[in-house]
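Enquirer: Use the sequences and the hints to build the structure in full.
Just so you know, the sequences run in chain order A and B.
Take the first sequence: its position 68, counted from the start at 1, is 68 in this note's numbering, and no numbers get skipped.
Take the second sequence: its position 3, counted from the start at 1, is 3 in this note's numbering, and no numbers get skipped.
Note that these hints are calculated values from the structure, not bench results.
In this text the structure is predicted, and so the values were computed from the model without any measurement.
A couple of the hints might just be wrong.
Only pairs whose alpha carbons sit at most 27 Å apart, straight line, appear in this in silico BS3-like list of lysine-lysine [as the list claims (entries may be wrong)]:
id : chain 1 : residue 1 : chain 2 : residue 2
1  : B       : K141      : B       : K115
2  : B       : K30       : B       : K138
3  : A       : K87       : B       : K185
4  : B       : K141      : A       : K116
5  : A       : K43       : B       : K138
6  : B       : K55       : B       : K2
7  : A       : K142      : B       : K55
8  : A       : K43       : A       : K132
9  : B       : K31       : B       : K185
10 : A       : K63       : B       : K141
11 : B       : K138      : A       : K63
12 : B       : K141      : A       : K87
13 : B       : K23       : A       : K43
14 : B       : K185      : A       : K51
15 : B       : K115      : B       : K31
16 : B       : K138      : A       : K116
17 : B       : K138      : A       : K87
Stretches of chain A that chain B covers, calculated by requiring three or more beta carbons in the stretch to come under 8 Å of a beta carbon on chain B [said to hold, decoys possible]:
id : segment
18 : 21-30
19 : 67-75
20 : 85-91
Cβ coordinates follow ideal geometry from the N, Cα and C atoms, glycine included.
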Amino acid sequence: MADGDKGKPFHEAPHEEEGLSISGYGSTFVLRFSRPFSLDEIKVLAADLIKSIEGTLMRSGAKGIGHIKIHIRGRSGYLRADTIGSKYGIYMDGTISELEESLQMTINTIALGSSKEDVHRVTMGSLEDTAKRFNFMVDEVKPQ
Amino acid sequence: MKVVQVAGFLGSGKTTTIIALSKMIASRGKKVAVIVNEIGDVPVDAKVVSEYGLKVRDIGGGCICCELLVSLAYTLEELARSYSPDYVLIEPSGVSIPSSVKDGIGLVKGLNLEKGPVIVLFDGERGHENLLDEDLGKFIKRQIAGADVVAINKIDAIGDEAARSQEELIRAVNPNAKILRISAKDGVGLEELVSVIA
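Expert: If you want it as structure tokens, here you go:
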């Protein structure tokens, strides 16, 4: 245990103690496609969204990507996609066995050196851009 | 109920490792539950873990080493009552300090908890780069300092020389920790990691 950590489990978030600016945004959405999408198309969509979020954040002055994680659930399965920066690749796992007309997608973006507002704005903006490119409608699922 | 922490900085592969470890422990006939703590308001990791049929509880919107410590205690109590797992694997958020989470678990009274090892994952791909960053490096060293075991993950993506160099860096921060090389994605080194848990 680091000496400074002994006996003080109640403190402000540790990365804030260290002066690190790490901000995150996450939400869940329903995507409705104009035609059924295959697993391969969903993978391309997920990669497009991740690259768009990363690119926009870095152009906006972020120091780095903590992670960008996506969980997609359809009637016939799920897909998980995540990255710590696309130069390290985008890891995908899971399968969706049938064509899907709608999906539920949860996104979690964490960036280093960006404000929470910027991470929120960039994630939403990238999702809207991806929706235009892939021609789907997006509705946010409000937390219960 | 043995409580094991699998910590590490953002992107170090905690979720993938926990899924793999849980499946291996469950295959030995043991009941495993997973507690996932995420920095964001909406849990992604818990959704992913549950896709593998694992019993999971999520604690979101903050850090279980500080403001959500009470939630952690409540969740451990609830799991003990409703599921009686043999093992609880805790995935703290990537910005948690493992030693503080360990202290917090120590404050939980009235449960028959066995404290398992604190495992900290070190990202073989970009951990070295992060350590060289003045601010990130300081923070990651605090994480490593609280580990009983440091597992260099993503060993499949780096060479032997890079792994040796990372081992030296880790040993300089925490000379007492057991250091392992793993690839959670490929399963490399996981049997040895499981052996320090179960």
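Enquirer: Determine for every hint whether it applies to the structure shown.
Expert: So, going through the hints one by one against the coordinates:
1. K141(B) x K115(B): 22 Å, holds
2. K30(B) x K138(B): Violated. K30(B) to K138(B) sits at ~38 Å, over the 27 Å cutoff.
3. K87(A) x K185(B): 18 Å, holds
4. K141(B) x K116(A): 25 Å, holds
5. K43(A) x K138(B): Measuring from Cα to Cα gives roughly 36 Å; hence the hint is violated.
6. K55(B) x K2(B): 15 Å, holds
7. K142(A) x K55(B): 25 Å, holds
8. K43(A) x K132(A): 16 Å, holds
9. K31(B) x K185(B): 23 Å, holds
10. K63(A) x K141(B): 19 Å, holds
11. K138(B) x K63(A): 16 Å, holds
12. K141(B) x K87(A): 24 Å, holds
13. K23(B) x K43(A): Holds, at about 26 Å.
14. K185(B) x K51(A): Holds - the C-alpha atoms of K51(A) and K185(B) are around 22 Å apart, at most 27 Å.
15. K115(B) x K31(B): 16 Å, holds
16. K138(B) x K116(A): Roughly 22 Å separates the two Cα atoms, so the pair holds.
17. K138(B) x K87(A): 24 Å, holds
18. 21-30: It holds, with 6 qualifying residues against the three required.
19. 67-75: holds (count 5)
20. 85-91: With 3 residues closer than 8 Å to chain B, the segment 85-91 of chain A meets the three-residue bar; holds.
In this structure, the earlier hints numbered 2, 5 are contradicted, and the remaining ones agree with it.
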